[in-house]
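Take the sequence shown: its letter number 33 is residue 62 in this note's numbering, and every next letter is one higher.
Among the clues, some could well be false.
[To be verified] The calculated label-pair distances, taken between Cβ atoms and stated as ranges, are:
| hint | residue 1 | residue 2 | range |
| --- | --- | --- | --- |
| 1 | A113 | A76 | 38 to 46 Å |
| 2 | P81 | N110 | 44 to 52 Å |
| 3 | N116 | V70 | 19 to 27 Å |
| 4 | A113 | A73 | 32 to 40 Å |
| 5 | N126 | V70 | 12 to 20 Å |
[Claimed, not checked] Below are the BS3-like pairs computed for lysine-lysine, each with C-alpha atoms no more than 30 Å apart in a straight line:
| hint | residue 1 | residue 2 |
| --- | --- | --- |
| 6 | K55 | K119 |
| 7 | K119 | K51 |
| 8 | K87 | K55 |
Think of the hints as simulated: they come from the structure by calculation, not from any bench. A quick note: this is a predicted structure, and the numbers were derived from the prediction, not measured. Each residue gets a CB set at the ideal place from its N, CA and C atoms; glycine is no exception.
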Amino acid sequence: MKLRLMTLVAVGSLALTACGGKGDDKLGDQARQAADDRAEVMDAQAANMSGPGRDALKANADATREAGEAREEAIDDADVNADAMNNGQKAALINGN
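Please build the complete structure, drawing on both the sequences and the hints.
Laid out in structure tokens, this is it:
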């Protein structure tokens, strides 16, 4: 029984280690949030407009949000080690540069 319990604990620990801990989830969230913030500014500007310019700006805001979500997924899927990156590298990933 003790051996089985120890094995389960070891397997559980390995699973937790494999699923993160390198800061990529936080970095991905920051990238998505930065895109959302830019999109909110565009939406606020569009609210003061009318016609095709307004529609184009709202579409651009939607595309910016989608790009932020895609960037978040890409960062998470790449499993980057954000803890080992400098601030400039993190900013480049967050801002899509």
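Going down the list of hints, with the structure as the test:
no., hint, verdict
1, A113 - A76: 38 to 46 Å, "42 Å, holds"
2, P81 - N110: 44 to 52 Å, "45 Å, holds"
3, N116 - V70: 19 to 27 Å, "23 Å, holds"
4, A113 - A73: 32 to 40 Å, "37 Å, holds"
5, N126 - V70: 12 to 20 Å, "18 Å, holds"
6, K55 - K119, "11 Å, holds"
7, K119 - K51, "13 Å, holds"
8, K87 - K55, "27 Å, holds"
Hint check: no violations occur; every hint is consistent with the structure.
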